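Trainee: Work out the full structure, taking the sequences as your base and the hints as a guide.
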Amino acid sequence: MRNYNTIIFVPHARAPFRKLSISTRLLGFGASAAAGVFIAAIAFGWAYFASERRDGQYRSALAENARLRASTQQMNQRLEGLSRQLEDFETRTRSLAIVAGLPLAAGGGAGGPLTPSQAALSLRTASLDTRLAEIADQFARREQMISSTPTVAPVRGVMNSGFGSRRDPLNGSPAFHSGLDISTRSLEPVLATADGLVTRSGWSGDYGQMVEIAHRTGYRTVYGHLASVLVREGARVRRGDRVGLAGSTGRSTGTHLHYEVRRGDRPVNPLEFILDGSR
4 MRNYNTIIFV PHARAPFRKL SISTRLLGFG ASAAAGVFIA AIAFGWAYFA
54 SERRDGQYRS ALAENARLRA STQQMNQRLE GLSRQLEDFE TRTRSLAIVA
104 GLPLAAGGGA GGPLTPSQAA LSLRTASLDT RLAEIADQFA RREQMISSTP
154 TVAPVRGVMN SGFGSRRDPL NGSPAFHSGL DISTRSLEPV LATADGLVTR
204 SGWSGDYGQM VEIAHRTGYR TVYGHLASVL VREGARVRRG DRVGLAGSTG
254 RSTGTHLHYE VRRGDRPVNP LEFILDGSR
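Per my numbering, numbering of the sequence shown is gapless, rising by one per residue and ending at 282.
A portion of the hints provided could be inaccurate.
[Unchecked claim] Pair ranges (Cβ atoms, derived):
1. 53 x 73: 27 to 35 Å
2. 254 x 167: 15 to 23 Å
3. 209 x 235: 18 to 26 Å
Think of the hints as simulated: they come from the structure by calculation, not from any bench. As the structure is a computational prediction, the values presented were derived from the model and not from experiment. Glycine included, C-beta positions come from ideal geometry on N, C-alpha and C.
Mentor: Quick look at the structure:
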């Protein structure tokens, strides 16, 4: 005997009652079907949501990948530009090294990968910094050497007696003149011809009032027959500093500057040092 379930419909009007008999098996089947449809709908909705989420993540990943590729391309272009600038700078540095008299660094040739890494550029930059420091030091040494060499005229005036053999202006006998005699106005400023240290200042026999300066290059300069000295012994002077005023003290026939350049105790011709533009 089959089991049935009866459903009674009660109308609002005075219509007769209606009954619907459904077997228990059919009712269970219907409930199962409804549950299956419900579960399927939930599963479909979840799958759709998950798919949309994956699609969104995929699109985001594509966009991020495109952004990273664009950023990488820009970085590579910048690195290439920096590499070209660095190569140009290295070329100029090699030229400076030649001018400074430094040996060329090993491995200084240009070239390399098309897209250099930041590490490689950093190494090249560090090497270049070291090289530039060496060049700067060499130029500083040369500048110091040049500034310590007596290459300018010590006073404004006219040379009336040169270096070498001549007749003594006081007694007319043959004599060796150890410097230059430069006629000038009385009290004309006398200038140091190079950087150095004042080793003598004051009266010194035939020189009269004089100043002697020792220079780093091993040379000494002497300024004689001064009316007065303006520096003290032990003072450091720079090229162009006033060291005295022209006069006619000591063994002298008139206002002039007696100027000497010595290498050790040996006098040398000052004209070999004075540049044409300063005479």
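Trainee: Okay, residue 209 versus residue 235 on CB: inside 18 to 26 Å?
Mentor: holds, 22 Å
Trainee: Just to be sure I understand the hint, the distance between the Cβ atoms of residue 254 and residue 167 should be within 15 to 23 Å; is that true here?
Mentor: Holds - the Cβ-Cβ distance for residue 254 and residue 167, about 18 Å, lies within 15 to 23 Å.
Trainee: Using the Cβ atoms, figure out if residue 53 sits within 27 to 35 Å of residue 73.
Mentor: holds, 30 Å
Every hint, counting from the list given before, is met by this structure.
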